[in-house]
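Protein chains in written order, with the UniProt record's numbering: chain A, 1 to 308; chain B, 1 to 308; chain C, 1 to 308; chain D, 1 to 308; chain E, 1 to 308; chain F, 1 to 308.
Keep in mind the hints are simulated off the structure, nothing from the lab. Hints are supplied without guarantee of correctness; some may be wrong.
Derived pair list, reagent style DSS-like, types lysine-lysine, alpha-carbon separation capped at 25 Å [said to hold, decoys possible]: (1) K13/D / K13/E; (2) K170/F / K54/B; (3) K54/C / K170/C; (4) K170/C / K16/C; (5) K13/E / K54/D; (6) K170/B / K16/B; (7) K54/A / K13/C.
6 protein chains.
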Amino acid sequence: MYRHTRELQFTAKPEKPDALFAAKFQEILGGQFGEMTVMMQYLFQGWNCRVPGKYKDMIMDIGAEEISHVEMLTVMLARLLEGAPGEATDKAAAANPALAAVLGGQNVQHAIVSGGGARPTDSLGNPWNAGYIAASGNLLTDFRSNVAAEAQSRLMTSRIANMTDDRGVKEMLAFNLARDTYHQQQWLLGIQMLAEDGFTETQIERSNGDWENHDAAHVFYTSTNGSAAGEGLWATGNSLVDGEPFRTEELRPLTDDDGTLPAPDPLQFVTYDGNAGPGKPGTGAGAHGQGAQNVVTKVKDALTGDDS
Amino acid sequence: MYRHTRELQFTAKPEKPDALFAAKFQEILGGQFGEMTVMMQYLFQGWNCRVPGKYKDMIMDIGAEEISHVEMLTVMLARLLEGAPGEATDKAAAANPALAAVLGGQNVQHAIVSGGGARPTDSLGNPWNAGYIAASGNLLTDFRSNVAAEAQSRLMTSRIANMTDDRGVKEMLAFNLARDTYHQQQWLLGIQMLAEDGFTETQIERSNGDWENHDAAHVFYTSTNGSAAGEGLWATGNSLVDGEPFRTEELRPLTDDDGTLPAPDPLQFVTYDGNAGPGKPGTGAGAHGQGAQNVVTKVKDALTGDDS
Amino acid sequence: MYRHTRELQFTAKPEKPDALFAAKFQEILGGQFGEMTVMMQYLFQGWNCRVPGKYKDMIMDIGAEEISHVEMLTVMLARLLEGAPGEATDKAAAANPALAAVLGGQNVQHAIVSGGGARPTDSLGNPWNAGYIAASGNLLTDFRSNVAAEAQSRLMTSRIANMTDDRGVKEMLAFNLARDTYHQQQWLLGIQMLAEDGFTETQIERSNGDWENHDAAHVFYTSTNGSAAGEGLWATGNSLVDGEPFRTEELRPLTDDDGTLPAPDPLQFVTYDGNAGPGKPGTGAGAHGQGAQNVVTKVKDALTGDDS
Amino acid sequence: MYRHTRELQFTAKPEKPDALFAAKFQEILGGQFGEMTVMMQYLFQGWNCRVPGKYKDMIMDIGAEEISHVEMLTVMLARLLEGAPGEATDKAAAANPALAAVLGGQNVQHAIVSGGGARPTDSLGNPWNAGYIAASGNLLTDFRSNVAAEAQSRLMTSRIANMTDDRGVKEMLAFNLARDTYHQQQWLLGIQMLAEDGFTETQIERSNGDWENHDAAHVFYTSTNGSAAGEGLWATGNSLVDGEPFRTEELRPLTDDDGTLPAPDPLQFVTYDGNAGPGKPGTGAGAHGQGAQNVVTKVKDALTGDDS
Amino acid sequence: MYRHTRELQFTAKPEKPDALFAAKFQEILGGQFGEMTVMMQYLFQGWNCRVPGKYKDMIMDIGAEEISHVEMLTVMLARLLEGAPGEATDKAAAANPALAAVLGGQNVQHAIVSGGGARPTDSLGNPWNAGYIAASGNLLTDFRSNVAAEAQSRLMTSRIANMTDDRGVKEMLAFNLARDTYHQQQWLLGIQMLAEDGFTETQIERSNGDWENHDAAHVFYTSTNGSAAGEGLWATGNSLVDGEPFRTEELRPLTDDDGTLPAPDPLQFVTYDGNAGPGKPGTGAGAHGQGAQNVVTKVKDALTGDDS
Amino acid sequence: MYRHTRELQFTAKPEKPDALFAAKFQEILGGQFGEMTVMMQYLFQGWNCRVPGKYKDMIMDIGAEEISHVEMLTVMLARLLEGAPGEATDKAAAANPALAAVLGGQNVQHAIVSGGGARPTDSLGNPWNAGYIAASGNLLTDFRSNVAAEAQSRLMTSRIANMTDDRGVKEMLAFNLARDTYHQQQWLLGIQMLAEDGFTETQIERSNGDWENHDAAHVFYTSTNGSAAGEGLWATGNSLVDGEPFRTEELRPLTDDDGTLPAPDPLQFVTYDGNAGPGKPGTGAGAHGQGAQNVVTKVKDALTGDDS
């Protein structure tokens, strides 16, 4: 369960309003790598976590902190938008002409839709959507996503911080940058602990690793003429999984399969030249019928108790 | 520039068609963590890369390979959909009754929209969109995203692999799993090289690190009652950046700022009780006018050569 | 700021797992009218609220409760998905044949993407997006949206409740239904208080009401042959704003303006027959140049101090 | 069926073109609360309405009017965009320098994509999508959504109206504002009639109200320190449903359920520590198999005529 | 302006309800190539059309017809959904076991969200969005899009028609198929008339054709090994624009430009190795400053009347 | 399989950076009709093509060329963004004041998200999505979509070309325009060959044409008062399918079906007045139960071998 406390986690007071900066600031609130993303990502990872104890508790703890960060950013935004202009353009330009020059950079939805409040969107107005987050139930892969999310988020925050010299904004962003620095390490150390606790051997996702193609796990394929990529550790080093050396190969077909496709169902009116058989209307060109028949047979057998 | 070769990179032949499995298989083609995502992610990272040499070449090389992977998956899908049913439901059910039981699990857009071909969507029909990819111009953060993408992609591939026992499908997936194993390492070793080459000191994104809040970079905040999160290395260990110890603190406000907001522009008809000043229509409540005035003054000064 | 408490707000224990019901259940978590929507709607409304006191506090309070509701739903979902099938379809069908019949109705992303956890999507897999929420800064209009959101949300919850007879699920839904009943009233009473407090006179949004078209505010327009709509209070009653009677009129043009459009800029290659003048390349067909010129003149005058 | 009449419902003639205002104007055409939303919302509600007579006819009548409103807005937009600039930026700036200052605020898709025509998007270019509309088949909940849609739409229209002093634009908006005033009342009176006609008792959505949690329907939960929310009618008043008094309680867990999750299917590779049992591959951890078995047994019994 | 008539354009009565077919049927209502798409496409093209007379009138006429088609489809859908199941799954399965087998194929939003009404989505639940439509202001290119839209729409309709043998459904679809046949011709003949009327010379979009790369307009580039593409008229025929012969060439770089990128702004923290110059913080690496300076100089000159 | 070559297909060097033009340029990269769209459209059409030989090879060849075009555009964009500003706004304005005037028109995600690289979005920041592409398996309808895509793409390219006079940009666009000219013809000639090869008789999509409504395939319906649409060939000409003359008719209902809907399932709480029968809870209003019963009976009969 969640409780609200009136005070913010950290002060969110700009020295003065700045509607132009507010437009850019939206990116770290509601963008692909904004705070809404890490908030929702950690909440879903925590709620779905099936390992009680330090991992689940840690994710739940940071989830609550991230809600608090989103709150801080929205308050900062609303304060940056103090008195953002809703006047008739012409009147405004007459009384305060340089306004015309800056109006172009304002986020018009701040004026029209939210009435001077934060918007749940990125800096170009794309509504935040859940296609930004990862929550797979597998802590190793999710922690990898979390490191990436914090690193990208921190980079965007740094870029935006360089676009203002408002001391109030920068003081808050100095806090946010620090949290992103810390959180990157939190997830990296989390991966280290997953290994120590036996949830992963190599810190590499390797489910079904016993039957993966062993050879293909040790090759760097290149096709660019004059590529220098072979100089990298990924080509000259050894596997982090089994210690065997990597090698470089020219990217080339490992098969003579040229992707020729079989007959479609004639009732789908797919363009087809008959090369894979008759495909008469109504016959289903045989193949899927067979696939379905397999299931049919099994269902029937099971229902009648016939195990043959 | 890119050239096409008729043969696939690897064989993509299922033993037999299976429209139900094809519906699930879409997830690793056009899903958030599917092959379209890594293909587009690496292409954009490579095209935007401003460091010539081994990094750019490596990203370009893998970009070409990933287009080839997407091709393999689409061919596999079209073959799984051979003869997928387009018949009248009732007639089909009469001639082949168990069809009724399995029709529910089919992706109806395979029958209606693509005519038995691969769709650029995930397993539930969401069209692939570019909000899935990361390409920031910063190789450290992008390589972090790439590790995550390969790990999540490999996990989904493993889950789907367990949903079939078609040997043709599994042979191709054994190749894909191996590439994902390799590529995770490629990006991790890439990060190691970025450090060796001096592009990052700590493998942690730390731009503007000189003025971030030093204290906030060393604390784990907890609010869950009885949280065991303090047992983790993120609380008991030392910073990967400066070696200073981490510590755990109760999540609490570090400010008495309660997020109270200032006066809006009256012309936006925002509900407002006058607590922050008069806010008369046309006056813009003062604040933004000041913000705009700052820019105005500077523009005017610059144009008139007044540097005061 | 927000804090997490380990216990849920209300018990979320199904009697037994049910992957099919879980697929439907997603609608009230991540759908257009699901709990994620009211959670994010209230959070943004609260953070953006410029009236300190009972309204802002009330919105903040309910925001925290709604996060707790989303948490309850995700836990219920993960429990409904206990052991949801990730086996090879054919093997599963052989050992447990009726599985084949029900697999069709399962949400395949529960198996492939979230590994048996809740998804931030609706029942058909559409990712939740912020285009579902309203937060305008105007409490009257937002409270109207809130009544609607609670009503629609409650309706969906009722429909889903009728799709199970699991007593654990129903016990939790009985709590959610009650909260939706209560919250509808909360917003309606909030509107009543806004009127008592003088933030709205008529409970009807009427900004700029002094110059709206008075006549058009009292007519019901009809065009359907034999329409019975004239029998409603909206046609036979009196205005809630000024008490004047409503009337019914045939929907008909109130103008002879037939929507004929003027000349485009020739450089846009719009199909155009010259009917509105020459439209020569470079001249901009006159009009926009004039519009721009108006602004230009004003900016220039302002910068040079010329107020003529 | 629908017929087109050449004349508009109301005059849509701006005094002069204004590409900057046109960019903002898109919000009330194709935004979340724009006219496209109410048009599509009423059309779907009307077509899906299962009560013949005054309600269905009224919805159908307003649906036709809203198509006419969308038409008016598109014509206004195209006229505001008369001659909007498609020239080479540098040439334009040379001949007409202030153009440079205003180009920033123009919607570039007006120039590039629609060639000076209206776009089916909001003011920031988000394409209109059907996730904005509500049509549930339940008139009470839909009318609640309709009041909200008209109120929000009217608020946006007012805000935009204050951004211009073009008399032609304002004359049309005065008509639109009036219709929004009228339509808010239409839906409120519609709800009143639904009650009079016995389709709802309390004007509160209460399906399955007989078994909802009675206690939870009368409490306001608070968690914010020092919250003033308890002063509102929602805490001090009586239920609109049964007249019983509301009360305020501290938001606290009503359960000791801490959301611990059960065993996943091992084949999903979810991180799991075995706390809920063995979870051997292939056994499905028992639970879902039981759920599926329930259905299996019932299907089998039904097919064999065994009702035991 | 638009008026509604109570009767449909064509009968929309299925012989009997069929919730499974209704799920598929959504594709031709709210899918990428469904009737909502052509309806909105023609409405926007008509409203934006700047050529009064037969073209604009024709587009407006078909726009009204398409609204009527969307209405027909929604009515058909609601009738197909008559009594679609909202019961508790288990109870339903007990009383009517085969229901369990078919529930999987039902669109659960028909039951949960629309209450047995049509949904503004495709067959997999993607909400219709305006990114499906084209309205460019250029009639030649739009008519090309219209032919395509009608052809794709007709193909989907045919595929769906083959999935039922309900005579009522088929009778309506026979009407829709015919309209799609007719409308394809309408747009093709429209293109022919655009040529006769002098709006296009070659029926090929060729704006700025006077300076396009003449050579590149006559080559087919091939890179696939053993490609048979050179046998087509696009390689062996003559240009439809100037009658000159086409030819086939190997796809190869026409430049030695290898895409190397210049220095970024240092404040963006892009990974950069200094190969293109110093790129010191604050200097903007020179280049953009120059670009901006060009505009600055021009604005300043214009404002001061200096035309040098 | 695909291989990368270091050199671009064509030079992509602007004379100088121009961040404002770069913002607009995004439209032809990642917009609805940008190069990403044709690239992905041709790739999916090619991979899904079931006719080996010249058609499939041609589509595969152009697919590879389009990847190369996307690459050219991204390189051009990154070069246009050389040194695009990431400085503190105020400092920048002080040192270089006109920057303030142009900042409004910059794409802020170029600065914040991609660090001066191309974005996979349109000019207003909408992420590219697969809902833009067509790949139906039917070559006739896809070639129609391809002509449209090339025509629209070429028009946008022309419009954008007119917004710059940078000779480097124009030289590349002259190449792109020429390719779009050529490709329009390629698809038109492809349709001609499909007819010659017998894959289509009339170049009109006419699947199930034998039972379409013959009369409705020859009428133009009009409803606009005074419509001149009857003057077009679509009204005065003859069918391209069977040579029979077209005619014009008033748009009017061809039925007395007024769209009245039947009883809903009572458990869906749809507003319903009982006019179509009792609709008691639990009875499902009869209808769907019957529909389901049909399938049940057939499944049961098939499984028991009863064909009666």
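For this session: With a cut-off of 25 Å on the C-alpha distance, tell me whether K13/E and K54/D pass.
Result: holds, 23 Å
Exercise. Between K13/D and K13/E, is the straight-line Cα distance small enough, at 25 Å or below?
Worked result: Violated - the C-alpha atoms of K13/E and K13/D are around 44 Å apart, more than 25 Å.
Exercise. Under the criterion that the straight-line Cα-Cα distance not exceed 25 Å, is the pair K170/B, K16/B satisfied?
Worked result: holds, 12 Å
Problem set entry | Pairwise hint evaluation, K13/C against K54/A, where the allowed Cα distance is 25 Å at most | holds, 23 Å
For this session: Given the hint that K170/F pairs with K54/B, test it: the Cα-Cα distance must not exceed 25 Å.
Result: With a Cα-Cα distance of about 32 Å, the restraint between K170/F and K54/B is violated, given a limit of 25 Å.
Exercise. Has the given pair, K54/C with K170/C, been kept, meaning a C-alpha gap of at most 25 Å?
Worked result: Outside the cut-off at roughly 33 Å; violated.
Problem set entry | Agreement of K170/C and K16/C with the hint, judged by alpha carbon distance not exceeding 25 Å | holds, 12 Å
Hint compliance for this structure: hints 1, 2, 3 are broken, all remaining hints hold.
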